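Enquirer: Here is what each chain is made of, one letter per residue.
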Amino acid sequence: MRGVSALAPLIRAVLGLVLGFVLGAGVVAIARSSLGLEAVSELTLAVGYTVGLIGWLIGLGALNYWFRYWLGLPERESGGHSSAQSAPQGWARYFRFTTDHKVIGVQYLVIMFVFILLAGLLAMLIRAELMAPGQTFLDRNMYNTVMSLHGIIMIAVAVVAIIAGLGNFLVPLMIGAQDMAFPRLNALTFWLVPPAALILLSSVLVGGFDSGWTAYPPLSVTNASGQLFFILAVVTIGISSILGAINFLVTIFRMRAPGMTMSRLPIFVWSILCAAILAATVTQFLAGALIMVMLDRVLSTSFFDSSKGADPVLFQHLFWFYSHPAVYIMIIPAFGIVLEILPVFARKPLFAYKVAVGGLLTIVGLSYVVWAHHMFTSGMPEVLHGPFMISTELISVPTGLIFLSALGTLWLGRLWLVTPMLFAMGFIFTFLIGGITGIFNADVPTDVHLHDTYFVVAHFHYTIMGGMLFGLFAGVYHWFPKITGRMLNEGLSKAHFWLTYVGFNATFMPMFWLGINGMNRRIADYPPQFAGVNLFVSLSAFLMGGAMLLFLYNLVYSWAKGRRAEANPWQALTLEWQVSSPPPVENFEEVPRVASGPYDYGVPRARTTPRMAD
Amino acid sequence: MVNRKDILVLVVVWAALTALGIIVATSLPIFPAAASREAEFVDRAFTTLAVLAAPVFSLVVVLLVYSVIRFRRKGTPGEDGPAITGNVPLVTVWVMATLGLALFVAINPGLTGMAELRAHREADMVVEVRSRQWEWEFHYPKENIQSLELRLPAGKRVRFEITALDTLHSFWVPEFRVKQDAVPGQTQILFTTPTGVGRFEAVCAELCGLGHTIMRSPVIVMPQAEFDSWIAGKRAAATGAISGATVLTEPKVGVKP
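Same order as they appear, the protein sequences are chains A and B. Note that my numbering has the first sequence beginning at 1, numbered continuously upward. Note that my numbering has the second sequence beginning at 1, numbered continuously upward.
One or more hints might be untrue.
Stated by the list, open to error - Just the calculated beta-carbon pair ranges, DEER-fashion:
hint, chain 1, residue 1, chain 2, residue 2, range
1, B, D166, A, L7, 27 to 33 Å
2, B, A236, A, M142, 56 to 62 Å
3, B, V13, A, R563, 37 to 43 Å
4, B, G185, A, L73, 53 to 59 Å
Don't read these hints as lab results, they were simulated from the structure. Because the structure is a prediction, the values reported are computed rather than measured. All C-beta atoms, glycine included, are put in the ideal place defined by N, C-alpha and C.
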């Protein structure tokens with residue numbers, strides 16, 4: 001009985017979703033039939049989803065506070081930042097509208113790892129199909145949908161997981177705050193994710209979508225209705241992403257504890273700040289472009305219809321104006337994690353901290369003016385090629401500063417090679433390959449050959465998976481004791497690292513060769529001369545997939561039965577390690593006063609003086 | 001503590017690895033057959049970038065691996081390392097070096113390669129490439145013939161006029177090393193001078209729907225004389241056939257040589 005009542009809000013939410021959908025879709029269906037049109041159209045579905053989304057939030061109780069305030073009713077919640085305290089403790093709080101940033105962080109991390117497993121499974125299907133030439137078990141429609149779903153889910157995970165998962169859990173702790181600036185908004189951003197996931201996965205029921213994660217028109221205007229569901233899902237996640245970014249910006253600027261000056265801000269918090277600036281300012285462009293595609297589909301507008309004089313290439317400009325900065329939304333927080341971890345396990349201050357921060361901010365600035373390097377073969381005016389090539393090459397300068405900071409921190413350190421450190425150091429190697437091969441894609445004379453080939457597939461997996469995902473792994477290994485109060489099994493962790501690392505490089509290194517030699521992207525089949533290499537790639541990918549299961553087992557087992565973690569198992573100096581593991585609900589018993597920087601390793605004073613002076 | 005020997009070892013290993021990298025980059029046969037003048041430019045640009053990448057890659061790897069070997073501590077660390085927070089001369093040199101390198105690769109092979117690819121805007125012949133789901137139709141306006149396979153005379157500069165009838169496509173012959181998207185409502189231009197006689201394939205490089213995988217067409221580069229007789233044969237066949245027949249109805253099997 002207790003279980004059912006704990007899940008009551010979730011059940012109400014699902015009910016709200018269904019009722020909202022019926023209401024929205026019903027009104028449109030009636031209106032359309034009275035006009036003599038077909039009742040069920042994409043318009044019916046789109047309006048149904050939108051009203052359903054609102055129903056979901058109402059059922060969940062996400063809008064209660066604002067409704068009551070609006071109607072002048074007394075507040076039911078205890079109010080203030082820690083209204084979560086009135087909600088049940090224990091597992092039930094993870095299944096309802098809870099405003100504690102630590103709960104939200106865990107909610108995000110868990111749902112993101114579910115998506116990683118799901119999209120990873122899709123990757124295994126892709127590699128199984130590509131193991132041998134010829135169509136083996138996925139027909140072309142299934143292959144394109146599987147490939148497109150893998151792409152968009154992994155992109156969403158890469159954009160969201162570190163910021164919203166680790167960021168939510170850690171940023172208030174690291175800056176000495178009780179919670180985020182807007183706790184209810186924070187919970188709202190999370191609860192937008194499940195309906196988006198639901199509609200995205202339902203796309204397979206209405207024909208899937210065969211346009212990849214990039215959804216270029218005209219294809220995305222004329223293909224199956226799965227494309228509409230894709231758009232609705234991505235726009236929902238986009239709204240969540242913008243709201244989350246604003247919350248982080250306000251939190252980091254306004255909620256820092258006394259003494260936590262910007263120059264004492266942990267580099268991970270800086271990285272979240274940088275990513276939030278980007279997410280808050282560019283996501284609208286993707287949402288806008290996709291809504292234009294949706295209007296072309298459901299209301300017969302002609303934003304991208306060339307037969308009515310429009311230019312389909314415009315979409316690509318809008319798309320990449322978001323989607324290139326988006327790769328920095330993905331990778332900058334991973335830089336932050338790596339630079340946060342290296343000083344702890346090298347027992348040295350972060351090398352050239354302010355230079356590294358400058359590097360992150362420079363990347364943010366440059367990322368607004370590089371988008372068209374994805375379009376050298378698109379047919380845009382040739383005069384744009386030179387400027388975008390040069391601006392793109394320049395990004396290697398601030399990125400070089402991140403490498404300098406990382407390598408300078410290792411040099412002369414006392415390296416403690418536990419798993420978080422292995423992933424952080426592994427990141428340096430894989431992201432180096434990702435960065436260098438990026439030059440080949442950015443230089444026009446090589447890109448005209450390499451564009452849209454497996455060379456690009458290899459390149460972005462080296463940056464996103466070898467970068468963002470390895471950063472996330474490093475972060476999870478580093479902060480798991482803090483989040484759960486348990487230690488992971490170190491033997492299993494090391495095994496996961498080595499299997500993943502070998503599997504990863506063996507999977508993606510040969511793809512560079514495939515691309516150079518003429519294997520194009522997004523194909524379900526290939527000429528026989530690529531058979532041997534593809535078989536090797538598939539087997540390596542299965543190894544990597546198997547390692548994921550080991551990781552999962554380690555997470556679940558250690559969370560339940562792992563050794564209890566002390567408050568500060570890594571002897572780190574940032575604030576989150578100065579409270580218990582897991583941290584108390586209110587984070588700090590009293591407002592901490594910060595007296596020194598986050599990386600004072602080797603400074604005699606820092607080891608004897610407590611970080612929090614009061 | 002670190003001493004001069006450490007630095008010396010680092011520099012020697014770095015130099016050796018860089019040399020090895022350059023040898024690999026310049027001698028490893030990683031490219032497919034080169035069958036156009038553009039292929040020379042692209043392959044040279046690729047090799048230049050690979051040579052320039054060698055010292056960068058080696059430096060990071062050497063520093064990373066050397067740090068692990070030299071500074072690793074077994075068990076939990078008992079003491080902290082030295083409190084080094086920065087090094088202004090090093091940062092300055094690093095920024096200058098990366099900035100110099102970034103600008104260098106943008107100029108050479110970037111801009112210089114672009115100049116090579118864009119030189120010679122006059123062509124010996126024109127081929128219209130009409131893209132549709134999921135095949136190409138090649139139209140030779142001067143010769144007034146159409147074909148589902150692309151035949152080109154070796155050594156002649158070709159101007160491709162690329163259009164799309166339904167959705168985006170991208171015309172790419174890996175052995176020519178250049179590609180150009182086809183956009184509905186627009187005519188995109190691509191210049192190539194095929195040089196190598198042989199059979200290749202045009203591959204669609206832009207996701208164009210369910211049949212994207214199968215959108216491949218034969219490309220045959222042949223000596224001028226053979227090309228001329230092929231043209232003559234096509235024209236004779238066209239006049240002999242029902243007048244007004246479009247390529248859309250041309251049986252696919254008929255074009256396979």
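Enquirer: If a hint holds in the structure, say so; if it does not, say that too.
Expert: Against the structure, the hints:
Here the CB-CB span from B/D166 to A/L7 is close to 49 Å, at odds with the stated 27 to 33 Å. Between B/A236 and A/M142 the beta carbons are some 45 Å apart, a value that contradicts the proposed interval 56 to 62 Å. Remark: the range hint 37 to 43 Å for B/V13 to A/R563 is upheld by a beta-carbon distance near 40 Å. Against the hinted window of 53 to 59 Å, the Cβ-Cβ separation of B/G185 and A/L73 comes to about 57 Å, which satisfies the hint.
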